[in-house]
Amino acid sequence: MEYSDFEQIECPNLNVTEPNPSQVMDFRRFSSDQVIRFNRTQTEIIRRLSPGRFITHNSMGMFFDYDHYPFAEDLDFISWDNYPLGFLSVSDCFDADEKQIYLRTGHPDLSPFMHDLFRGQSAQKKFWVIEQQPGPVNWAPYNPAPAKGIVRLWTWQNFAHGAETVSYFRWRRCHFAQEQMHAGLNAPDGEFTEYADEVRRTENEIKEVNRFLQHTEYKQAALVFDYENFWHLEIQPQGSDFKPLRLFMNFYRAMRELGLSVDIVPKTADLSAYPLVVIPCMPFEDEVFCKKIQSLKSRVMIGPRTFSKTTDFQLPEASGLNLFSRLFNFRIRYVESLPASYRENVYPQKGGNSYVFSYWKESLTTGDRPVAWYADGEPATVENGNFTYCAFFPEADFLTEYIAGLPELSVQLGQPLKQLPAGVRVRRLHNLYFYFNLSEAAYHIEAQQLKDKDVIVGAPVIAPNDLTVLCLK
Amino acid sequence: MEYSDFEQIECPNLNVTEPNPSQVMDFRRFSSDQVIRFNRTQTEIIRRLSPGRFITHNSMGMFFDYDHYPFAEDLDFISWDNYPLGFLSVSDCFDADEKQIYLRTGHPDLSPFMHDLFRGQSAQKKFWVIEQQPGPVNWAPYNPAPAKGIVRLWTWQNFAHGAETVSYFRWRRCHFAQEQMHAGLNAPDGEFTEYADEVRRTENEIKEVNRFLQHTEYKQAALVFDYENFWHLEIQPQGSDFKPLRLFMNFYRAMRELGLSVDIVPKTADLSAYPLVVIPCMPFEDEVFCKKIQSLKSRVMIGPRTFSKTTDFQLPEASGLNLFSRLFNFRIRYVESLPASYRENVYPQKGGNSYVFSYWKESLTTGDRPVAWYADGEPATVENGNFTYCAFFPEADFLTEYIAGLPELSVQLGQPLKQLPAGVRVRRLHNLYFYFNLSEAAYHIEAQQLKDKDVIVGAPVIAPNDLTVLCLK
Amino acid sequence: MEYSDFEQIECPNLNVTEPNPSQVMDFRRFSSDQVIRFNRTQTEIIRRLSPGRFITHNSMGMFFDYDHYPFAEDLDFISWDNYPLGFLSVSDCFDADEKQIYLRTGHPDLSPFMHDLFRGQSAQKKFWVIEQQPGPVNWAPYNPAPAKGIVRLWTWQNFAHGAETVSYFRWRRCHFAQEQMHAGLNAPDGEFTEYADEVRRTENEIKEVNRFLQHTEYKQAALVFDYENFWHLEIQPQGSDFKPLRLFMNFYRAMRELGLSVDIVPKTADLSAYPLVVIPCMPFEDEVFCKKIQSLKSRVMIGPRTFSKTTDFQLPEASGLNLFSRLFNFRIRYVESLPASYRENVYPQKGGNSYVFSYWKESLTTGDRPVAWYADGEPATVENGNFTYCAFFPEADFLTEYIAGLPELSVQLGQPLKQLPAGVRVRRLHNLYFYFNLSEAAYHIEAQQLKDKDVIVGAPVIAPNDLTVLCLK
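Chains as they are written, first to last, in numbering that gives the first Met the number 0: chain A, 0 to 472; chain B, 0 to 472; chain C, 0 to 472.
It should be emphasised that the hints constitute simulated quantities derived from the structure, not laboratory data.
Mixed in with the good hints there might be a few duds.
Which copy is meant is left open, so a pair is good if it fits within one copy or across any two.
What the hints assert, rightly or not - In the BS3-like style, the derived pairs of lysine-lysine whose C-alpha atoms are separated by at most 27 Å in a straight line are:
| hint | residue 1 | residue 2 |
| --- | --- | --- |
| 1 | K218 | K98 |
| 2 | K266 | K242 |
| 3 | K290 | K450 |
| 4 | K125 | K147 |
| 5 | K242 | K98 |
| 6 | K147 | K349 |
| 7 | K147 | K291 |
| 8 | K349 | K218 |
| 9 | K452 | K417 |
| 10 | K349 | K290 |
| 11 | K417 | K218 |
| 12 | K452 | K124 |
| 13 | K291 | K349 |
| 14 | K452 | K125 |
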């Protein structure tokens with residue numbers, strides 16, 4: 000597995016057994032670079048021949064196969080295709096019962112995750128939803144219809160997460176070929192669908208809301224997402240049920256369930272203004288990034304497997320986790336992958352409540368302060384100053400309890416961290432607060448939340464599949 | 000996806016993504032035509048060189064890949080291979096618990112469906128069962144043994160559904176090669192199996208019954224089955240759990256559970272004499288067929304997706320469902336496919352009993368009379384005069400309630416429509432009535448059914464896995 | 000399917016339908032012969048060029064694709080690679096709940112089965128464990144970590160089953176390539192893991208025990224395992240859920256649960272000294288082997304499908320089961336394969352307790368003495384003198400009841416046959432008795448077992464995941 004000439008390098012397929020993960024990683028990097036280079040070549044031609052125009056591209060949700068950050072830099076702004084029901088149908092990051100509950104609404108955190116990820120590719124600035132699902136589609140394993148009111152709710156969700164424009168795919172349903180069963184705002188005969196009525200209503204509401212919107216700085220929580228590190232987990236899950244996106248989603252939804260607005264950011268981003276910085280998983284060592292987080296005053300929460308490999312996909316030569324020794328005093332004795340059917344318990348207080356987890360578990364010897372324990376009393380999560388390390392694959396319920404219990408965080412955020420009901424989410428955009436209710440019961444916005452704010456869309460009591468927009472006075 | 004020359008046409012495989020469904024459909028039609036043409040060439044040669052002989056062919060059960068109707072026209076009569084246990088093992092049209100219950104008997108409706116389908120290929124005339132399963136076989140995922148008495152029951156079932164001849168495959172079990180584990184009437188050593196004893200008993204009974212058989216006209220129910228339309232559903236199920244045969248089977252078994260004898264017929268058949276005509280699914284528009292059913296006085300029950308596509312596998316250019324506008328006043332707002340795990344309810348009376356369904360649901364705006372409703376009160380089944388449209392993927396229990404509740408139908412049939420116990424079926428052949436009991440309890444034929452009839456095989460009380468034959472006085 | 004020239008012979012793949020099982024069998028034999036011949040060529044070269052050295056080879060657990068018996072004859076002794084957790088993860092011979100229970104300990108019978116199989120390849124003499132799992136590995140679907148104390152327990156298990164040497168793979172965990180996540184006794188940084196501490200402790204204990212070990216003849220039970228016959232079951236399972244290894248394992252574990260030490264032996268072995276000889280499945284007729292077991296005075300227990308095929312993978316031409324007619328007076332009416340979800344009951348006493356089984360069932364007409372019955376009262380297991388035939392796929396619980404109820408066997412063994420608690424096993428090696436406790440409760444060795452013996456490692460009460468060694472006084 001050593002090369003003396005570039006000619007010797009082949010694709011990492013057709014191997015007798017599994018290929019070397021270092022080679023697979025290099026192949027993924029090379030392939031991603033080719034996509035970026037091709038896009039750059041195209042944009043240069045277009046800019047030369049069509050000066051004064053903007054260039055965007057319809058990136059896909061649930062697609063992580065090339066590094067979108069440098070790709071986005073060659074566009075004027077990034078766009079993406081938002082299919083909440085199709086995504087849920089193909090996703091492997093939720094339990095089966097949640098896939099049933101949100102069958103016709105989309106999961107409250109899945110499209111938002113993608114929004115926040117794509118907004119991070121625009122440095123928290125302009126992005127478009129260039130294809131928005133406007134009804135049932137054709138390409139997912141199951142193709143249910145959006146519930147009544149949900150196309151309006153999705154449209155508002157898009158704007159709440161920062162989309163500048165929402166374009167529906169397609170205007171009119173096509174009569175022929177592979178996508179003839181993909182809805183449009185117009186039926187095949189040209190008549191508007193009832194979903195189009197929802198869009199028209201939203202259009203009028205947006206005009207109203209735009210009058211209130213004022214640019215306001217705010218930073219609550221950052222989640223660091225890096226494509227190369229994501230590929231690491233895909234190449235070497237180490238357990239058949241270790242689903243990379245589920246790990247990121249669990250951290251993301253925990254913050255969302257506490258009412259936080261999250262920025263998903265590249266590792267190059269300035270993290271200093273965020274009270275909470277979450278790094279769900281960054282397997283590759285990164286000296287520069289490590290120095291940056293070392294200097295943070297934020298609560299920095301780091302997930303399992305982080306900094307466990309060199310950038311060449313090898314184990315660090317020296318004492319295991321070099322970089323971690325700057326942040327923590329622990330040593331990982333061993334790691335293990337577990338089947339989904341095997342549930343263990345983790346205890347935020349010894350002898351107190353427990354939360355189940357599966358998939359991944361690390362055993363630590365540590366001089367840091369444990370803040371959660373496995374069933375055998377060994378540390379599962381540790382703190383050292385403002386740094387937290389979670390040594391297993393946590394579910395959102397454990398994470399919400401942990402984060403809600405951080406006293407300094409509530410102070411910095413200026414708000415108590417309290418769990419929202421299942422299906423209810425809030426998203427802050429500048430001076431606006433968008434409340435979305437995907438639960439089956441009406442949601443009453445709390446008095447404290449209404450204080451100093453005006454209701455500009457909807458009402459303080461939100462019906463299922465409806466929303467309310469508040470504006471800071 | 001446009002062609003300017005026949006040379007450009009390739010097979011619809013090795014595509015980067017899914018092929019155009021219109022092309023797949025043309026490929027299916029072309030492949031079917033090749034089978035038919037090859038058979039025709041063969042039969043012409045045989046007829047020329049072997050005048051005065053008859054030609055048949057062993058068609059396969061559970062196989063729908065070419066259009067059997069024109070194929071059958073080139074034979075003197077059609078034959079088919081009946082493997083009730085193997086079929087059940089490979090089938091995807093029943094729930095898992097039913098596959099367990101009927102593991103050693105075959106499902107009461109699966110071979111009968113195939114009989115009625117093949118008889119329809121002979122214009123309700125002569126057909127043979129040229130291979131009858133005579134014991135455990137080798138080719139299915141699981142190969143249980145027929146329960147005691149079941150080979151006799153199958154043989155009678157064959158005759159009850161119109162078979163002229165039943166030939167067992169094989170006479171003697173083969174010592175070698177792939178089918179060495181496939182039973183014969185004789186064991187490998189040449190001794191008769193106990194299944195052969197059942198066949199010998201049946202042979203004697205048949206001689207007796209033949210003395211009573213008199214040709215008698217009767218028509219109760221027709222189910223229209225068209226191969227091209229079946230391929231449509233295979234090419235574009237639109238949901239991973241939409242199993243075409245299950246949809247047809249649900250309609251078929253509902254009629255059978257009500258004691259009806261069903262003819263499965265091509266769309267070219269004369270339907271005028273049937274009190275009940277069921278069209279489970281005919282996606283392709285068909286002007287001629289539509290005119291024919293328009294003229295019917297029968298109760299015509301039409302299933303979902305019917306007339307939703309042009310014969311080129313496109314959406315109709317004009318206002319959606321052209322042809323339906325001659326039969327109904329509804330418009331389909333949208334359709335949706337659902338996972339098997341997702342159950343919805345349908346209500347034959349608002350607020351009354353409900354029945355579960357899954358797989359497929361259409362949302363209608365309609366001026367027709369609703370006769371069943373979804374949970375949200377929207378119409379699930381509508382009537383316009385003698386036409387009924389079922390807008391979802393119905394299970395048999397819903398259909399039996401609906402059909403049994405049609406007052407005019409009982410009158411026309413001259414018999415009340417009453418649900419038989421699970422596993423009990425009756426089949427009328429001319430002046431004979433065959434009762435089959437695949438339940439675990441004895442079945443008592445009702446006094447009303449015995450009236451004006453003689454018991455010529457068995458007794459009015461039928462033991463499990465046994466049968467009784469009545470003859471009109 | 001007849002050949003007139005060797006050139007006509009092709010590999011049994013790329014067939015339109017399934018290949019002839021006789022051809023597949025020949026292909027398997029040919030492939031196995033190639034492996035054996037290649038190994039022989041290598042050993043001849045090494046012996047010539049490196050005289051005075053020994054030659055062994057790291058055979059793999061859970062791998063049956065060539066005939067290991069003749070292969071082993073060309074080595075000085077056989078070695079094998081023992082990965083208890085990886086094996087359990089990939090195995091298909093246990094129920095899901097057992098795979099959970101033993102996730103971090105390995106199944107109490109899986110590695111022992113392999114030990115006893117490999118020892119049989121050395122004629123019950125010298126063999127090595129040349130790769131012993133020393134922590135979590137990387138190649139199984141799930142890669143949990145061995146529970147505390149389990150690497151020590153495995154090491155003792157290796158010696159208890161006769162290993163002369165145990166070598167851990169690997170000494171130090173590798174920094175790079177495909178196996179970087181495979182544990183070593185040393186961490187990547189060169190520090191000993193806690194598993195290494197267990198190995199060091201065991202090393203000291205072994206020195207102690209070696210002082211006591213004295214060669215002592217004893218034979219309790221033999222299980223006949225033949226590779227060609229195993230391939231028969233792989234080539235023609237006749238039911239998707241018929242898992243060959245599970246059938247062998249069920250017989251093996253039944254004996255182990257009764258405290259027996261089992262030799263797994265080739266069909267050429269001398270069986271005369273074993274009180275109990277178990278032949279779980281030998282489909283191929285074998286005149287020589289049949290004569291040998293005919294002459295045995297032991298209890299000979301024979302499983303289903305035995306002697307049902309000629310060595311050319313055909314049915315015997317004459318009256319079915321020629322060879323069996325020397326041992327029994329039954330005739331097999333038919334066989335059937337059943338899905339795992341379909342459970343039947345077998346009754347060791349008519350109307351008494353029942354045990355469930357699935358997968359395979361034979362229907363017998365017999366003049367032999369039934370000793371277990373199916374639910375319909377037909378014989379499921381029969382005896383003729385000292386021969387027993389089990390006509391279905393038995394689970395271990397049925398077998399333990401049957402074997403424990405053989406009065407002559409306890410007498411010959413000089414010990415009562417009593418079921419051990421789940422997870423507790425004992426293995427005799429010469430004058431030593433090794434007790435292993437993989438249950439969750441402490442195990443008290445019975446007074447009767449302690450009589451005439453000294454405790455030389457551990458104590459009479461064995462904690463979970465611990466062991467005790469007794470020595471005959």
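Q: Quick one: which hint numbers does this structure break? Sort them smallest to largest.
A: Hints 1, 3, 4, 7, 8, 10 and 13 contradicted; others consistent.
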